[in-house]
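What follows is the residue order along each chain.
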Amino acid sequence: MRTRGGVLIANIIAGLALGYTVANIGFGDYAELNRMFTFQDLRMFLAFGGAVVIIVVVFAMLRVRGTPGRIHAGVIPGAVLFGTGWAISGGCPAIPIVQVASGYLPALVTIAGVVVGIRACRWANAKYFHLDGGSCGR
Amino acid sequence: MSNYWPWWAGAIGLAVVAINYTITTDRSFGVSSAWDRVLHWRAERRVERLEAEFTDDRALAEALAAATAEHFGTRPAAPTPPYAASTLGNAPTHARDVSPTPGERASVASRRPAPLVSQAALLLSVFLGGWLAAVTAGRFELRFDMGDGFRELVTDNPAQMIGVLFVGGVLVGFGTRLAGGCSSGHGLNGCGRLHPVSILATAVFFGAAVLVSFLLWKVI
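Which chain is which? The protein sequence lines are A and B, in order.
Residues 237 to 374 (our numbering) are what the first sequence spells out, left to right.
Residues 974 to 1193 (our numbering) are what the second sequence spells out, left to right.
For reference, chain A alone in the conformation it holds in the complex (with noise of 0.2 Å):
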């Protein structure tokens, strides 16, 4: 599965999987999203937080590790940032596709916003942060 070809199965496989577990999950429901965050009701955050557990113990029994990421000046401004706009937009990169998927129209101005948004980056931090790009998914 490293070939071209088996990254591509894979991902599709993920993706399916990830959308279709994140909207049975609620993440696209904002009056949900709102609960979590504001510990009304742990359900999705014990979802979320149960599966890093379940990925750590499984990791740690297969040996994964991988390369850290380095903790550069753009990672915390970053997530307050992000978290910021995960609470009043109630989208994380893949939330917004999976909340337009479910029929919320206008979740695609969120969309254009987070289109927006990575691409002012890549510009800001080429002109001005040049933080190494650091990044986690890669």
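If you are wondering where the hints come from, they were derived from the structure by calculation, not from laboratory data.
Do not take every clue at face value.
Stretch-level coverage of chain A by chain B, calculated; a stretch enters the list once three of its residues show a Cβ under 8 Å from a Cβ in chain B [unchecked claim]: (1) 240-254; (2) 285-298; (3) 304-312; (4) 319-326; (5) 342-356.
The C-beta atom is built at its ideal place from N, Cα and C for all residues, glycine as well.
For chain A, the structure is supplied; the task is to place chain B on it using the hints.
Same frame as chain A, now just chain B:
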């Protein structure tokens, strides 16, 4: 609206997605970096082409070195990596010490990003997966608002809604790239690998979201 999965089913689902992807591809996936690369496809295609050329050049150089070594009956010079030497059939002992644990293989493979096409496929599949979930659970409904929760907590004015969603989207896009990942890349895959940068980022974005959500709920 209680036909959502119980927490343990969600946890198993998310974990299976991340673990299966890592085991099958030796990589880690992140939705925000998929977005980033797809949106900059022109530049990314150039990089992919350059990398392919570079790989060809390196293969050529390695073949030349191996042929030279064979001709003169010598091993390649010391800095040559073990796999070049093993093609001669006289692998040095330390090559056998390097057991191919998943972690080590991952660190080699994940140095190169997943192909651009597969990142686009990831985003499209998230859409399809979400659609399947909504339709099969009977939640699918075309609508021009973001639901009762958004109306009560944020705004009931459509123009304001558009503005809030756009600004929120920009913050999400800019923030995830600045922080180097989102809830899937840092949150699931990075925290799952206990990477300090991911634990820090996840703590901070969850903290910020909790703060803003309380403000929306109690104050605004």
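Hint check:
no. : hint    : result
1   : 240-254 : holds (count 13)
2   : 285-298 : holds (count 11)
3   : 304-312 : holds (count 8)
4   : 319-326 : holds (count 8)
5   : 342-356 : holds (count 14)
The structure agrees with every numbered hint stated previously.
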